[in-house]
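As they're listed, the protein sequences go chains A and B.
Heads up, the first sequence is in the working numbering, so the first residue is 1 and it goes up one at a time.
Heads up, the second sequence is in the working numbering, so the first residue is 1 and it goes up one at a time.
Mixed in with the good hints, there may be bad ones.
To be verified - Straight line, CA to CA, 25 angstroms or less: simulated DMTMM-like cross-link-like pairs of lysine to aspartate or glutamate:
| # | chain 1 | residue 1 | chain 2 | residue 2 |
| --- | --- | --- | --- | --- |
| 1 | B | K215 | B | D165 |
| 2 | A | K284 | B | D340 |
| 3 | B | K247 | B | E224 |
| 4 | B | K284 | A | D54 |
Honestly, the hints are just simulated from the structure, not real lab data.
2 protein chains.
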Amino acid sequence: MARRPIIVIAPDSFKGSISANAAAMAIAQGLARVWPDAELRLCPMADGGEGTLDAILSRGGQRRSARVSGAGGMPIDAAYGSIDAGATAVIEAAQVVGLTDPAGTAIDVERRSTKGVGELIRAAFDVGARRFMIGLGGSSTNDGGAGMLVALGLSLADAAGRIIDPTPEATAALAAVDATRLDTRLARARFTIMSDVSNPLTGSDGATAVFGSQKGVRAERIGELDARLARFAALAEKAIGRAAEDKPGAGAAGGLGFALLLIGLDAALDGADWLITGEGRTDKQTLLGKTPWVVARRGAQAQVPATLISGGIDRVALPALAERFAGCFSLADGPMTLEDCVANAARLLADRAEQAGRLYAAARGAGAA
Amino acid sequence: MARRPIIVIAPDSFKGSISANAAAMAIAQGLARVWPDAELRLCPMADGGEGTLDAILSRGGQRRSARVSGAGGMPIDAAYGSIDAGATAVIEAAQVVGLTDPAGTAIDVERRSTKGVGELIRAAFDVGARRFMIGLGGSSTNDGGAGMLVALGLSLADAAGRIIDPTPEATAALAAVDATRLDTRLARARFTIMSDVSNPLTGSDGATAVFGSQKGVRAERIGELDARLARFAALAEKAIGRAAEDKPGAGAAGGLGFALLLIGLDAALDGADWLITGEGRTDKQTLLGKTPWVVARRGAQAQVPATLISGGIDRVALPALAERFAGCFSLADGPMTLEDCVANAARLLADRAEQAGRLYAAARGAGAA
Numbered sequence: 001m002a003r004r005p006i007i008v009i010a011p012d013s014f015k016g017s018i019s020a021n022a023a024a025m026a027i028a029q030g031l032a033r034v035w036p037d038a039e040l041r042l043c044p045m046a047d048g049g050e051g052t053l054d055a056i057l058s059r060g061g062q063r064r065s066a067r068v069s070g071a072g073g074m075p076i077d078a079a080y081g082s083i084d085a086g087a088t089a090v091i092e093a094a095q096v097v098g099l100t101d102p103a104g105t106a107i108d109v110e111r112r113s114t115k116g117v118g119e120l121i122r123a124a125f126d127v128g129a130r131r132f133m134i135g136l137g138g139s140s141t142n143d144g145g146a147g148m149l150v151a152l153g154l155s156l157a158d159a160a161g162r163i164i165d166p167t168p169e170a171t172a173a174l175a176a177v178d179a180t181r182l183d184t185r186l187a188r189a190r191f192t193i194m195s196d197v198s199n200p201l202t203g204s205d206g207a208t209a210v211f212g213s214q215k216g217v218r219a220e221r222i223g224e225l226d227a228r229l230a231r232f233a234a235l236a237e238k239a240i241g242r243a244a245e246d247k248p249g250a251g252a253a254g255g256l257g258f259a260l261l262l263i264g265l266d267a268a269l270d271g272a273d274w275l276i277t278g279e280g281r282t283d284k285q286t287l288l289g290k291t292p293w294v295v296a297r298r299g300a301q302a303q304v305p306a307t308l309i310s311g312g313i314d315r316v317a318l319p320a321l322a323e324r325f326a327g328c329f330s331l332a333d334g335p336m337t338l339e340d341c342v343a344n345a346a347r348l349l350a351d352r353a354e355q356a357g358r359l360y361a362a363a364r365g366a367g368a369a
Numbered sequence: 001m002a003r004r005p006i007i008v009i010a011p012d013s014f015k016g017s018i019s020a021n022a023a024a025m026a027i028a029q030g031l032a033r034v035w036p037d038a039e040l041r042l043c044p045m046a047d048g049g050e051g052t053l054d055a056i057l058s059r060g061g062q063r064r065s066a067r068v069s070g071a072g073g074m075p076i077d078a079a080y081g082s083i084d085a086g087a088t089a090v091i092e093a094a095q096v097v098g099l100t101d102p103a104g105t106a107i108d109v110e111r112r113s114t115k116g117v118g119e120l121i122r123a124a125f126d127v128g129a130r131r132f133m134i135g136l137g138g139s140s141t142n143d144g145g146a147g148m149l150v151a152l153g154l155s156l157a158d159a160a161g162r163i164i165d166p167t168p169e170a171t172a173a174l175a176a177v178d179a180t181r182l183d184t185r186l187a188r189a190r191f192t193i194m195s196d197v198s199n200p201l202t203g204s205d206g207a208t209a210v211f212g213s214q215k216g217v218r219a220e221r222i223g224e225l226d227a228r229l230a231r232f233a234a235l236a237e238k239a240i241g242r243a244a245e246d247k248p249g250a251g252a253a254g255g256l257g258f259a260l261l262l263i264g265l266d267a268a269l270d271g272a273d274w275l276i277t278g279e280g281r282t283d284k285q286t287l288l289g290k291t292p293w294v295v296a297r298r299g300a301q302a303q304v305p306a307t308l309i310s311g312g313i314d315r316v317a318l319p320a321l322a323e324r325f326a327g328c329f330s331l332a333d334g335p336m337t338l339e340d341c342v343a344n345a346a347r348l349l350a351d352r353a354e355q356a357g358r359l360y361a362a363a364r365g366a367g368a369a
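Using the sequences plus the hints, can you model the full thing?
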């Protein structure tokens, strides 16, 4: 092999047996047997909410903390993880702007922002992190990630040029977005989103319409707030020079997904050689847009082949799956019961990932020769 | 993909479900979905005896016939197959020198030879064949393939320089072998052996000691005939400039395996990119030298990675298997019963080969990029 491969590991949960985090770790374990030195980018397609940080730190790394702004502006000590000898920071948005934080949710959703998430990214930058794994589940905000971007140097202004806050309330007056003072470290940073949400930022499937009510957005405000997000998105996209509003996942965490996609679109796939995804059971539902299908489509856009490892693969769906995936493999290592498969999912997944890795390595060797 | 891949398909039978021939065809069917234009070299590790020709012709091609010498020298009309638009000839040694041919076996085994097999190869050359699939099971001869080589231009002489017959009886006087008039078409021909025998030509595991008695070699003659084969082999190897006596499979068909290996050593693997083998069940017995293990070792010698597809793969054996195979995959596409797996083996095998092929193709593309 010419160089160490870069492999993105982005499974869904294996329903009824192991979580997306556990699945990603099992796949990583199997691949490490093939390539001890591979760059494995874990992007479990979990909700990325509470528990994500703990799960990742259970493999190693250090827990750190920084004082940042909570959703409502009050200071909060937010935990984050430092892995890969400090090169990668693991951030859980819910640690900063969590739905379960009473101080944050005491403030109206229209006055909450994700500023603290940006501050946490800055804190991690300051201690050497260059890669970020960001879990998006369980947030209380609906600011389109404007707060995070502002904390990283974006500025928002009204028609008179006055700086305004990155809250849904204040952005009623938004007229201009300036990205010229965006943190220059972002250009070399890489963001990997951990999320199971594939909604776009705005519209009837967007963050506000779908997730707004659980965060306290009143039904009659949905249209207005959605329009504010759309205007912010249009201005931010123009200022930064990229588009993300319609990307699947832009609507995660009240639009924090949008902001991250804007500064680090599908960064996990940048330069990657191979993508492994998975789920508990694959059938025609998968073809309609379940996680592995969406992941594979993103892979295809980035020209990274995607391989599927699944608890079971429906034969009727296989021809259509074969068009999308660079190989679909079952967990089963022979005739076995569903109970055995579920009970041993992690081990079977590691073994299957290893075997697929061995074939990949051999083929890659052949191709390069 | 830079060019169409060359893939060798060399499964054992899937015991209790499908034959090696059927397994090879199922794998070929799956791979053809990935690469309609791949060069697929089918080498089912079956005994290669009666039925092989019919099984292969059931996929297409034409049945032909040529008048050649039977084992005892009497003319015989031997059937052979013409596939790949005539480029490949399928020859069953048993059609020429079969154990069930009464005219051949009426002659003492020490006077029988495989001359007719060489004549049949010549006949196929004459009508355009350049590749040969040769089944070795069910032969009545024990001439080390000397007859076949003589029919193709080798000459055997005694100490006085007199030409002698390629029979065990006549080679008692063998003193010299001349390969200078060997059919020049052999240099561009490719021979693929279909056989489940891995014995060497001579010695206690050799053709005479192990298979001689069933062909009529008397116990007290084994030592002498084995020594004659050894002398013939040494002289033929020197004349042709290759070695094959100790190769696994040289002892097949009374040493016809040796002669074919001598003129087309593991030809199926020449220039091949990938090798797929398989069997019904893989466990620690496989590690002790079952067909897929031997096939993979040959692949390794020729620097062709070997992938295993098996009905079931024992987890205890998997780490050792992983050292040898470029991926081990089960037939199962999810939790299933043994009965289902057996009943659907051909379909499952085609699907698994296809999926492995898709991963291989993607990885090879990546490697070449």
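Hint-by-hint comparison with the structure:
1. B:K215 - B:D165: holds (19 angstroms)
2. A:K284 - B:D340: With a Cα-Cα distance of about 21 angstroms, the restraint between A:K284 and B:D340 holds, given a limit of 25 angstroms.
3. B:K247 - B:E224: holds (21 angstroms)
4. B:K284 - A:D54: violated (39 angstroms)
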